[in-house]
Structures are given as C-alpha cells and as structure tokens.
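Student: The residues making up each chain are set out below.
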Amino acid sequence: MKKITLKVNGKKTKHELDPEEPLLYVLREEFKLSGAKYGCGLHQCGACMVLVDDQAEPTCMNSCEYFEGKDIETIEHLSQNNKLHAVQKAFFEAQAAQCGYCLNGMLISAVALLRNIPQPNRLQIKDALQQVICRCGTHVRFIRAVENAIAQKE
Amino acid sequence: MKDTTTNNQNRRSFLKTSGQLIIGFNLFPFLQFCTNPENQTDLSTYPGIAIRPNAGKDIMDSWIRLDAKGFVTVLTGKQELGQGIRTALLQIAAEELEVPFDICHIINGDTAQTANEGYTAGSNSVEGSGSAIRQAAAEAKYYLIQEAAKLWQVNIDQVEAKNGAILGPENRKISYWELLNGEFIEGKITGEAPIKNPKNHVIVGKSIPRADISKMIKGEPHFIHDLRLEGMLHARVVHPPSYNAKLEALDESKISQLPGVVKLIVDGSFVAIVAKREYQAIKAREKIIEIAKWESTNIEPAMGDLFSNMKNKASNPKEVEASPTINQTIKQAKNQLKSTYRKPYTMHGSTGPGCAVAQWDNQKLTVWSPTQGVYPLQNTLADLFSIEKESIRCIGMPGSGCYGHNSADDVSAEAAMIARHLPNQPVRLQWMRDNEHRWEPYGSAMQLTLEAGLDQNGNITSWKTEIWSDTHSTRPNGNAGHYVSARHLAKPFEFKKGGFSGGSYRNASPLYEITDKALLLYDYEGPLRTSALRGLGAYGNIFALESFIDELASIAKMDPFDFRIQNLKNNRAIEVLKTLKSKTEWENLSERTKSKSGIAFAQYKNSAAYFAVMVTLENEGEKLKIKKMISVIEAGQCINPDGLINQTEGGMIQSASWTILEAVQYNEKEIISKDWNSYPIFRAKDIPDIEVHIINRPEEKPLGAGEAAQGPVAAAIVNALSNHLGKRIYELPLREYFEN
Ligand code: FES
Ligand code: FES
Numbered sequence: 001m002k003k004i005t006l007k008v009n010g011k012k013t014k015h016e017l018d019p020e021e022p023l024l025y026v027l028r029e030e031f032k033l034s035g036a037k038y039g040c041g042l043h044q045c046g047a048c049m050v051l052v053d054d055q056a057e058p059t060c061m062n063s064c065e066y067f068e069g070k071d072i073e074t075i076e077h078l079s080q081n082n083k084l085h086a087v088q089k090a091f092f093e094a095q096a097a098q099c100g101y102c103l104n105g106m107l108i109s110a111v112a113l114l115r116n117i118p119q120p121n122r123l124q125i126k127d128a129l130q131q132v133i134c135r136c137g138t139h140v141r142f143i144r145a146v147e148n149a150i151a152q153k154e
Numbered sequence: 001m002k003d004t005t006t007n008n009q010n011r012r013s014f015l016k017t018s019g020q021l022i023i024g025f026n027l028f029p030f031l032q033f034c035t036n037p038e039n040q041t042d043l044s045t046y047p048g049i050a051i052r053p054n055a056g057k058d059i060m061d062s063w064i065r066l067d068a069k070g071f072v073t074v075l076t077g078k079q080e081l082g083q084g085i086r087t088a089l090l091q092i093a094a095e096e097l098e099v100p101f102d103i104c105h106i107i108n109g110d111t112a113q114t115a116n117e118g119y120t121a122g123s124n125s126v127e128g129s130g131s132a133i134r135q136a137a138a139e140a141k142y143y144l145i146q147e148a149a150k151l152w153q154v155n156i157d158q159v160e161a162k163n164g165a166i167l168g169p170e171n172r173k174i175s176y177w178e179l180l181n182g183e184f185i186e187g188k189i190t191g192e193a194p195i196k197n198p199k200n201h202v203i204v205g206k207s208i209p210r211a212d213i214s215k216m217i218k219g220e221p222h223f224i225h226d227l228r229l230e231g232m233l234h235a236r237v238v239h240p241p242s243y244n245a246k247l248e249a250l251d252e253s254k255i256s257q258l259p260g261v262v263k264l265i266v267d268g269s270f271v272a273i274v275a276k277r278e279y280q281a282i283k284a285r286e287k288i289i290e291i292a293k294w295e296s297t298n299i300e301p302a303m304g305d306l307f308s309n310m311k312n313k314a315s316n317p318k319e320v321e322a323s324p325t326i327n328q329t330i331k332q333a334k335n336q337l338k339s340t341y342r343k344p345y346t347m348h349g350s351t352g353p354g355c356a357v358a359q360w361d362n363q364k365l366t367v368w369s370p371t372q373g374v375y376p377l378q379n380t381l382a383d384l385f386s387i388e389k390e391s392i393r394c395i396g397m398p399g400s401g402c403y404g405h406n407s408a409d410d411v412s413a414e415a416a417m418i419a420r421h422l423p424n425q426p427v428r429l430q431w432m433r434d435n436e437h438r439w440e441p442y443g444s445a446m447q448l449t450l451e452a453g454l455d456q457n458g459n460i461t462s463w464k465t466e467i468w469s470d471t472h473s474t475r476p477n478g479n480a481g482h483y484v485s486a487r488h489l490a491k492p493f494e495f496k497k498g499g500f501s502g503g504s505y506r507n508a509s510p511l512y513e514i515t516d517k518a519l520l521l522y523d524y525e526g527p528l529r530t531s532a533l534r535g536l537g538a539y540g541n542i543f544a545l546e547s548f549i550d551e552l553a554s555i556a557k558m559d560p561f562d563f564r565i566q567n568l569k570n571n572r573a574i575e576v577l578k579t580l581k582s583k584t585e586w587e588n589l590s591e592r593t594k595s596k597s598g599i600a601f602a603q604y605k606n607s608a609a610y611f612a613v614m615v616t617l618e619n620e621g622e623k624l625k626i627k628k629m630i631s632v633i634e635a636g637q638c639i640n641p642d643g644l645i646n647q648t649e650g651g652m653i654q655s656a657s658w659t660i661l662e663a664v665q666y667n668e669k670e671i672i673s674k675d676w677n678s679y680p681i682f683r684a685k686d687i688p689d690i691e692v693h694i695i696n697r698p699e700e701k702p703l704g705a706g707e708a709a710q711g712p713v714a715a716a717i718v719n720a721l722s723n724h725l726g727k728r729i730y731e732l733p734l735r736e737y738f739e740n
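Order-wise, the sequence lines are chains A and B.
Per full-length UniProt numbering, residue 1 is the first one in the first sequence, and the count goes up by one each step.
Per full-length UniProt numbering, residue 1 is the first one in the second sequence, and the count goes up by one each step.
I should point out that these hints are in silico values taken from the structure, not numbers from a laboratory.
Glycine included, C-beta positions come from ideal geometry on N, C-alpha and C.
Warning: the hint list may mix true and false statements.
Derived DSS-like pairs (lysine-lysine); straight-line CA-CA distance at most 27 Å [unchecked claim]:
| hint | chain 1 | residue 1 | chain 2 | residue 2 |
| --- | --- | --- | --- | --- |
| 1 | B | K625 | A | K126 |
| 2 | B | K215 | A | K126 |
| 3 | A | K11 | B | K276 |
| 4 | B | K623 | A | K14 |
| 5 | B | K206 | A | K126 |
| 6 | B | K623 | A | K126 |
| 7 | A | K89 | B | K623 |
Stretch-level coverage of chain A by chain B, calculated; a stretch enters the list once three of its residues show a Cβ under 8 Å from a Cβ in chain B [to be verified]:
| hint | stretch |
| --- | --- |
| 8 | 7-16 |
| 9 | 25-31 |
| 10 | 58-65 |
| 11 | 72-83 |
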C-alpha cells in the first residue's frame, strides 16, 4: 500500500492504495464515479477512457501511480453548472446511443479531439473514435454528433 | 394476493391496503438508486411507486398505474436492451391514456412487479408488450370516462379525456388522480374500450428522444455494472480453459492469503474468487489461472473440418416443408441451379462483459440482472438451487447491448452461486473480456444448399433448401443445465440441448411466389456452444437465399430489382423494393457503380418488418471497402421514427461487421478468439455512409424491426462483391477482400 495523490476533476486528493491498481478501479471504487467502464482491460476497446492532460487515455491497465501528477478529467466533469458540454449536447441531439455502454469512450475521445484539433475533418474524427469499440453499431451517429458539435462552435 | 381472476367488473381498491410488499423482501437499497430513473432534471420529481405484485396479464393494473399523483407508471416485462423500447412503450401508453408524455415513467422486468412476458427477443416487444399496454391504457381511460360520467350524472359521450383529465359539460374538469382519489383501478382488460384512431395520434409516430441517453452522456449510474450496494463484495470466475476441461488441482493456500481475498469457491470445476476490492479479485483470478491444473479433452472436429463434419454427421433431416415432387419439378424446369453457402460461428461480443449482483438473505435470493427475461431467470434459478421460485426476486437492469442470448443469464446464475457462500452480503460478479469472448454461446455456423428451377420467363417454379446447423436457442428456460457453470459443479446439472428450435430455418422459406417448395433441416451437434444471436438462423438463411436470388436473376438475364419484384406477390414487399429502387436512383446509376453494388431483401421471419438494402463498394488501395448502404424499412405503424432508424443503422453496421470480418476461431485446445485483437469487429474507420428510409403505415400494427437488417445486409454485400469480382462468393466472412 502506498499514498497516492491524484488530481481528478480539478481536485487533488490522497489515497492509500495498491500502487499497481489501475486507475479505472480507483475511479469507480474510491471516487464512486461510474462513467469510465471496464470493457476489456487490455487497451483494446476504450470503454475506460478519461481525459489525461486533455488527451483521451484508457485507464484499465496503467497503474494509479502512473497517473500521479497528471490532470485527470472524467465524463462526469464535462457539464458545468448544469450546462452540458457542446459534445454532450450534440450526442444527445443526435440520439447517439443504443445500449450506451461505449458512450463514455466515444464522448471522451471526441472531447479530446476537439481540444486538440478544433476543426477536424471526417477522417480525423474517425481516427479519434477508432480506438473505441461499439458493438451496437452506433458509429454513424457518433460521427455526426462530433460534426454537429463543431458546426455549433462556429 | 387478492383474487382478481373472478372479478369481471372493473373496480378500484385502496392503495393503502394493497400497496404493500407481498413477497416479503424489504432490502432494496436499489430503490434509492433508481426511484427516479428518468428525467432527473424535471421540475417535479417522480416519487416512484410502492411495490405491488402483478396480478396477471389480463388486469389493467398490471400495465398502467396511477399510484403516483400526477404521474403515470407503465410496467413491462420487456427489457431495455438499447433498442429504445422504454420510450416506444411510453409513447404508446401516453397516446392512448391521453396524458402528456413527460409524466410517464416505466418499470422494466421485475418479478415482484411486472407481468411475465418471457424473453425480450425475436423483435416482438412492441408487437407484444406494446399492444398489451395500448389495450390497458385504453381500458383505463374508458374506465375513468365512465366514472366521471357517473359522478356528474351525464352520458358518457358528453365527457372526454384530455391531457390527464376528464372534461365534461359546463366546463367541468377533473384530473385522473382526483377522480381516483387514492384508489387504483383494478379490473380486467375486457377488450371493449375503444382504441384511438391512428389518424389522431400526436405522440405515437413522433421521434421523441430517449431520456436514458441524457443520463449516459453525463456518465451517471445506469447500467447493472454501476450498481453499488452497501458492503458489496467483488467476484470473478475462472472458467475452465475449454468446454470439457476438469479441474485437477488448485493449491488453495496460495490464493486464500492474497490481499483482500474473502473467499475462494471451488465446487467441482466451478472456480470463483471473492474479494473486497474489484482489483483484488482480478489479481487473485490471475493467480488462479496461473497455478490451476486442468485436464481437458480436445475440441473436435478441427476448425478446417467443420463443414465436412456437418455433412458426415448428418442423419435423417427434418422435413420442415415437404414436397414429394420437388426433385422432379426442379429437373423439369427450363433452367436449374444449385449452390452451397457457408457461414462461420459468430459472436455477440458485447462491449461490456456480463455483470450481475446477487444477495441471499434467509434463504431468499435477490438478483439484479441484465437478463432478457426476469421470469425465465427466476424459474431457472429455482431449479438450480432447488427452492421455490417465490423465494427469488429477479430485477432486470440495463446491461451492455446483448443482441440475443449472451452471457447475461450465465453471469446472473454465477453471481447467485457465489453469493450463496456469503449470506447477507451483496456480491457483484463481472466477467473479464476472455470469459465473455470464450464462454458466451455463439451464433451457430451454418451450411446451406439451395436448388431451384426457373421457367423461360424468369419465374421461379421450384425451390429446395437444405440446412445444416446447430441450435439457435439454448436459453435457460427452467433448466439449470443451460447455465454453463452449473455443468461444472461437483454435482453437475446435465445440459439437455433438446428441441432444436425453429430458429435454424427462420426465413429459410422464400417469401417469393413459388409453387413447389421443400425445406430440409439437418440438426448438427457442433463443437462450440451456441444459442440465439440477433436474427438466429435468419442471418445465414437470408445471406444464402438472397445471394441465390441474384444468381437466378443473372441466369434469367434480369435486373435484380425486376427479378425480385416479378417473383413476389406480397404488395408490401414490392413497395419496399420499389422504394429502394427510387431512393438509390437505380435507373440512373452508371454501370460502373452498379458493378460495385448489390441489393437484397427480406421480411424478417416472413411475418415481421420488411427490409431492403443496397450496398456499394469502393476500392481502397488493393482492397475493398463499403462506401455506402441505403436501406428501406417498413415496420407497419412506426412508433418512434428516429428510434427505428437508430436500431436499423446499428443492425446494418453489425451485420456488415459479421459478414466482412468475423469468425470465431478455435484450435484443439481452446477458443482462440479471446479479445478484440483476435476477434476484430468494425470500428469507426470501417463505417460507410448510411441512409435509412422508413415507410410508415400508421393503419397497420407495429412489426418487430430489430433484426430486420441482419440477413439482407450480408447478402447485399456478397452480391456487390460478386458483381465486382465477376464470380460468386459462397463463404463468409469476406475478410480477404476487404482491408484489415
Ligand atoms: S477497458 Fe480499457 S481499453 Fe477496454
Ligand atoms: S451503443 Fe452499445 S456499445 Fe455502443
């Protein structure tokens, strides 16, 4: 066990943890956050994605210790004062979900994309969503939602 | 429980006396988690309703409750699987009951509350639950109208229901809830209440957004995976390395002392670990996998021998459609053709692996489950534990999309098996990715031989189908042996496959007008575990049938649209094809585009939704890629157009992925498709442009649509590819021709 300091959603907190424990389980158990989900535990599906220093990163393999000193932001933090983030709004308006299990990964990847490339083209959008598995086949809506979010920003 | 069966008169009972928990469970912290499942931002908050047991499907109260003042609660035995069923059913209820949509809430499958509607499967939820809810709502409204008329001493045609209230002469107005005055409507659905004319629908037919999506985009708890109960422990299972493997040795002392471990369960070859924290359970599981010794037998036949084994093992076929003359009629036709098609094992591959929570208290069991059927689960658990089903409560919760019989029931049973060792403590079990990929029941591999005769005018005169397939349904409907881990116990439950279902020949009989038809089914016991996967046999059958139709069209030297339309008599089918022809501007397409395009059509189950699709390919370097898919769907009365489109798009993408990329791989030792690298599926860059057009028929009954796309998309891709290559393709998947 080790004292681990994590900065999650703007707040720094200390936790007594097995330093090897991947961040995903720490987020779900210690922080009681539900957005990031287990899908594969192998960096293959993106269900566990969070924003790490504004990049979309999986959390199911890398230890919580690895995330010390990094700025971690989860899906729960995207809407502020009851106001949805533009990407959340676009996802809702496009009704971009079937079962919704992949939604966290898709949404986080989309937010990271727009933070890094404000005007991505369709290929860049697909590239950004490529790492996230959606078995329901909702991809067309995710792509459309990202395009709508960009259009709305203009 | 009150005996309502002898009660023919509609009457009402006080909630005070009836609104109690009958079964005797009172441990549901779950209620805090989801009393207000939807619209959390609503100004007014829906308080939920007290648990009142379901008194049978023919009682109004089983479907519609006005217990919460100002709110309507709809109950359904069907589960939300990501198909938007909650919204669609609420639309039906709100429409018929004449209340605003926003005040309606829904409770899905819960054996303590909702009606027994079996499984949420076969695209029959709107057809089944929807029509029951429509009836019940109409009946409730009719009852309220009569009550108001009585109260005001006027004729019933002087009153009308509107916006949750009854309006009468001289501006009289009374809300439903005032009228009921704290009582609930008890009484049978008589079928006498008038049903609203679809012409006057204002809610049904509208694209009302799904409320659950507003929770998902915020990452709020929604899935069974997110359920957190006080004192909850975490479990993992270690499945054997292959189906028949038996546990030989496991040094338990090496496991029990690992950090956080609460209990190691070893019962025969069923091995599970329970720990305080989730990651501790995962680590302990890894250790078990490392040190456990198993004895296993080889998986047979080898993958390469699968299709020949199917034929060799075949004994007498079942004559599903018999024709003593068929061979003769085919022989006498002007032209004949015979082709054989093959599809491999395919998997559900849910994005989130199975998860369930179980708790035992005083011999009573509660299971929170992503199952497609809470009542069949309850029944089967009763068999597993040899207890009365009344001692088991199964509460359905959203899981990751399942597309049929995936891990949901297995994981629920295992959670209960594990929790039994730890009474009074909730135990959450989640499968790991390899549990899911290797242990779910797959969609069966199939082999299909089709033979037909054509006359000189391009009419199909005769058609013979032969199917080789393992079962498409091994749902655990009361038999614990259907739970995979129940077979591994020290006292194992026997798995009796039994009743090879009609699933194998679903959609095998052509909808085309053919006078002489024969259909033979060879049941095959294959090497891998199989069960219901979206569409069941329809996927393989339509792939073959609609590929074959293209082959016949080319023998008849006819355009694929014209050939299909000429051989159909069903007007709705013809309309769907004609609409596709105009939406794709088929007549104006260049020969170049046509040579990279293919079409296909089917009416799912020959009784549900009609669907036609055109697929166009494009070159990408050396390989091919789907450029565009355009489809037309007709599902009778359309409840929620955007929901229908969403589900159809999803079905099209999933089917394209199955068709192009997917096949479950195994060797003699084990299943080697164990994750997304060894079993790749479509990802964002594979996704083509998609257009879905709806033909709405408000005057018809709604038809199940969730599986309509699966078969036709496969055939359309194969037809497009065959046109492009100038030679027919008979075996799936098509990986070698496409990128990846
Ligand atoms: S769960 Fe982390 S990538 Fe799949
Ligand atoms: S919506 Fe179900 S996995 Fe993407």
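Student: Taking the numbered hints from earlier one at a time, note which ones the structure violates and give those numbers from smallest to largest.
Tutor: Of the numbered hints, 4, 5, 7, 8 and 10 do not hold.
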